[in-house]
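Undergrad: In case you want the letters, here they are:
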Amino acid sequence: MATVPRLLTYQDIPVWRHILIIQWTAQIVSGVVVVALVIWFFTNIGNAIQDRDIPYGFSFLSREYQTPIGEHFIPYESSDTFLYAFGVAITNTLIVAVAGVILATLLGIVIGVARLSGNWLVSKLATVYIEFFRNVPLLVQLLFWFFIILALPPVREGYVIGGMLYVNNGGISLPWPHVSGYAAALTWVALAVVAVVIGVALNKWLSYRETTTGKPSYPLIIGIAAPLLLGAIAWLVLSFATGDSPFFISTPEPQGRFGRIVGGFTARTGLLVMLLGLVIYTASFIAEIVRAGIQSVGRGQTEAARALGLSPMNTLRRVVFPQALRVIIPPLISQCLNLTKNSSLAGAVGYSDLTSVALTMTQTAPAVSIFMLIMGAYLAMSLTWSLIGNLYNRRLQFGGRR
Amino acid sequence: MAAQTVPPPAPAPIPDPVLPPRSEVGVTGWLHANLFSAWYNTVLTLVFGLIILLALGFGLNWVFNTAEWTVVVELGGRFIIGQYNTEAACPGQNCFWRPQVALLLVMALLGMAWGMSGNRVARVMALVSAGGTAALALLPYSMETMGLDVRLLLVANLPALALGWALARYTSLGTGARIAMLGVAVFLITLLLLRGLPGVPGLRPVSVIYWGGLMLNLVLAVGGITLSLPIGIALALGRRSSLPVVKVLCVTFIEVFRGVPLITLLFMSQVLVPLAFPENFPLNSLLRAGIVITLFSAAYMAENIRGGLQALHSGQEEAARALGLPGWETTLLISLPQAIRNVIPAIVGQFIGLFKDTSLVYIIGMLDIVEIGRVFVQGNAEYRANAKEVFVFVALVFWVFTYGMSYISQRIEEHLGVGRR
Amino acid sequence: MSRKVLTLVVVLAVAMVALIACQEDNTAAMEALQRENATMESEMAAMEARMAEMESMTAEMMEGGRLETVKARGNLICAGNNSLAGFGAADAAGNVGGFDIDLCRAVAVAVLGDANALEIRPTTAAERGPTMQSGEVDIMSRNTTWTSSRNAQWGNFAPTMFYDGQGFMVPTSLGVNTLAELEGAKICVQQGTTTELNVQDFDNQNNMNLEFVISADNIATNAAYLAGNCDALTTDRSGLVSTRAELDNPADHVILPGTISEEPLGPVVPHGDEQWYDLVSAVMGILIYAEAYGITQSNVPTAVTGDSAVDRLFGLEGDYGQEDMGLSKTAAQDIIRAVGNYGEIYDRHLTPLGLAREGSRNALWSAAPCTDCPKGGQVYTAPLR
Ligand SMILES: N[C@@H](CCC(=O)N[C@@H](CS)C(=O)NCC(=O)O)C(=O)O
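Protein chains in written order, with the numbering used here: chain A, 5 to 406; chain B, 151 to 571; chain C, 799 to 1183.
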């Protein structure tokens, strides 16, 4: 009879060594320690605030701000409240962030594709671009562009292109549509919504037709062109019918003894530098993401598509890119997040973004409260980006994994 | 072709090798394949060729004719050590030797790395760094601006390298683990040298506010890099943990630090954090900045590593478990090494990011290599027009380091055979 | 072997962290404080009834003592400017100096006996409030305007060191001669300053239709102005003079007549420590008094002169409250010998910029002891006695 070795059973292990007990003790201890630390940290800050007569609280938000903001895209008067000024600053950040993300993505895709180009010169150029711009701190690049833009001639000696476009070190001014009034603005918004709906519907329907019948139907082009055309017609009709157009185009023009440019839209120095810096910098990362994405699609896909007679352009657009997108989107979203956060360097080049305006606010309002507001605002923006990323991932999952 | 005229040689007729048309071999072939393969390629080549020529012409003209590089020359050593050797920082003493000695130690370390591994990358790196720094001794500054002692200490980088190499070759110090430990020691000694010791003659304490220039960027980067990896790993494991409390804590930490811009965090570390500590609490501004940069970077690192862990096939873990490895050993010995190996580019990318981010310490009033240039240009009327030169130079300095890092990472990847499975 | 190395590394690491972290060895001070607290606590137990009162006292004990803190630390942390020539700027070698900085040097001499026991922390205008509130700096001397809300929020303002007002500078080529002609101009102004607030008022009140180019610091502001990004630069007049003096071609720029605000510039100390505030005020007084009595760096008395006021100031007879403020009896001797009197400081840093003192608001109110023959300036201090 062989002696069967006695197996270890649960009864042999003392209670305190039970895995669940260990784990939960560890968890509770660490949780308590962390929470205690956090509480300790904030209590101390609270005490210091009291002892040193440091102002705090949020009542300042309804006070008048009374300070100029360099650049604003929604109307702002110095008599507006802190809360509103905060909104103005957030808008400024959002504008560079959104414009930056769009431009950087476009540039990034171009450069990423160029890097894989069969043309030696083009691919080498793209490589040099990527290796240079992503390896130099954004701050240095921004400062560089700042001084480059400042080296342009000042307003009064600036370049005027076609009497419409003003380029000088104060920025670039170009003609811009403006709404004529409140009623007109509403009409305009309604029109825009209708046009977008029509465009999307057309695009959907044409793509469907194309995939089912195989007839080329140009869904993208028509989807964009049709609403534009409709909009133009509607505008003409409306302006004839009411004698008042929903919007008018204002052209920039120098005015007064200082030749300051009024009318149109002026992308001022700060905005220009921010866009230049952020787009060029971020595009170098996006290009790498795009390249990796495209390379992740098996060669077989390209070869098969080519064998089926698709042109290189169509192969890229219809076969490779849609598949690469799965790999591209998640890191792309995190680049968007980075770009948004990097816009906080705006202060160094004179753009009134959230961080810089908030810093100015500490002059007349409690700094502690302001820091909380900035943290909250940026966290909200980041979470929004994460949300977009997650939604996209969800959609991918519905579409089924390859 | 010639083969046609000669009758085929006897036994079996060997099919003629079809030679490629002349247009596909040699220089013309290369040109054709890579630059002019189709009409649109030709157009691209021409257009971009023109652009490159124009840009090169403009750039070279600027570099050699328009640009005034005297500003860079004038700033010289300050780019490297900032205000460290000023009268205010180090009254009545010459403190320049302290960073220089630290540099010698680093060189010796590089020499050891080369001596141990003996591979090409290490050799190139060691030789280039030592040669480059030693060459600085030959800069045509007057003896007053750059004394003999300074020059000699610079030249000493070469023997330091050789010494390190020999140590690694001929003593028992030449193993990876020991060199890594020595590396940590050298870093700490560097900090000690720079900071000084109260009461020791010649080592008068230098306040961290005067640490500056490239030295500051490097100190912050090295400290941050070494610490952010382990913290990042811990956070990543914590985030994947099945223990809810740990998971929530890690997720919160990661999301908060990733969600807020670094300069906001840095600024808060200077004006908010001190409120939480008693007035004399030993936590100076550099340390606080270092901690913030490290934690910020660790949060990103955690996400990279988590990506690597997620991509691992669950079979790896299951196999390890089946073999009877306990849970934490499975993670430590099986999952992590593979995960890290898979995301080396992302990790190195994060290191590079951290190094670049050290330029943000300007927001807390520290004069790193970027800020020192900016302040100098503004403060000296004769150089005010030369800001561009300063930033181009600074960009190049950063580029040399960051590109070096990515080059090494590529070599490591090749060495580990990532992507060749 | 490797275990030994490991131990070594760990020991080194611990030592290093302690070293790097410690601003200075301050265990003694901390211990003293703790002991004090301990005694206090026992008292508190004994006197339950006076609990509340005691608590507020403990708070004061903890909060005060900046003088002790500075002494223990061994250097004075001074928030300063590093880019405003004359007031606070880095020279070519990287050393920061100037009119404002000399006050910090004087305080460093008074407290530590060494004008170089000083750490200048560069702060941009907008960072000043949070920096003061953090309690990390002992004094801020950085062309900062004394206003009531700053006094309430940032810290206490010691006596004014320089009386100023806000002006405008324009390129001569614009042909602008008066403020009124600036209508419709673009104005460069720095973020986080009183001048930013004043120029907004000026715009609103006079319907000037101004547009602002706002930059984060002096460097960016001046760069924008010089590039012609704006038509005029506005800041304290002294700041304008300083900026102008540093230009390649000062003659190409003109500072317009007309002042739109009152800008008394002075040092700030953190809230919550009256002794420290008194000390800084007294140091300012010493600088001004020494000038009034004609004592310069070169003729600091070390033996009784017979003039009671002078003898008292220099600790040769009687006292002016040194002990209560925590100053040494002969602090004034050290201060004047190290940095000179107010007039010498002014001459050293501001006269070269072209900021004439004679007949300006920054002349002395009167030379002592001659109170009935005023010089007409506003520089004045509480009598040191
Ligand atoms: N006195 C004003 C202005 C002070 C101020 O910051 N002035 C500017 C220009 S004169 C300056 O010194 N800037 C230096 C910097 O921020 O780097 C105030 O207290 O707000």
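Hints in this document: simulated from the structure, not taken from any laboratory. Every residue, glycine too, gets a C-beta built ideally from N, C-alpha and C. Hints are supplied without guarantee of correctness; some may be wrong.
[To be verified] Listing some non-contacts, in silico: residues in chain B with all C-beta distances to chain A over 10 Å:
| hint | residue |
| --- | --- |
| 1 | 350 |
| 2 | 354 |
| 3 | 421 |
| 4 | 549 |
[Unchecked claim] Short derived list, chain B residues pointing at chain C, Cβ under 10 Å:
| hint | residue |
| --- | --- |
| 5 | 232 |
| 6 | 233 |
| 7 | 290 |
| 8 | 294 |
| 9 | 297 |
| 10 | 301 |
| 11 | 402 |
| 12 | 403 |
| 13 | 406 |
| 14 | 418 |
| 15 | 513 |
| 16 | 514 |
| 17 | 528 |
| 18 | 530 |
| 19 | 554 |
| 20 | 556 |
[Claimed, not checked] Facing chain A, a subset of chain B residues (Cβ under 10 Å, in silico):
| hint | residue |
| --- | --- |
| 21 | 176 |
| 22 | 179 |
| 23 | 183 |
| 24 | 188 |
| 25 | 286 |
| 26 | 312 |
| 27 | 316 |
| 28 | 317 |
| 29 | 320 |
| 30 | 324 |
| 31 | 325 |
| 32 | 432 |
| 33 | 441 |
| 34 | 505 |
| 35 | 537 |
| 36 | 538 |
Undergrad: Taking the numbered hints from earlier one at a time, note which ones the structure violates and give those numbers from smallest to largest.
TA: The structure breaks hints 3, 4, 7, 8, 9, 10, 11, 12, 13, 19, 20, 21, 22, 25, 26, 27, 28, 29, 30, 31, 32, 33; every other hint is satisfied.
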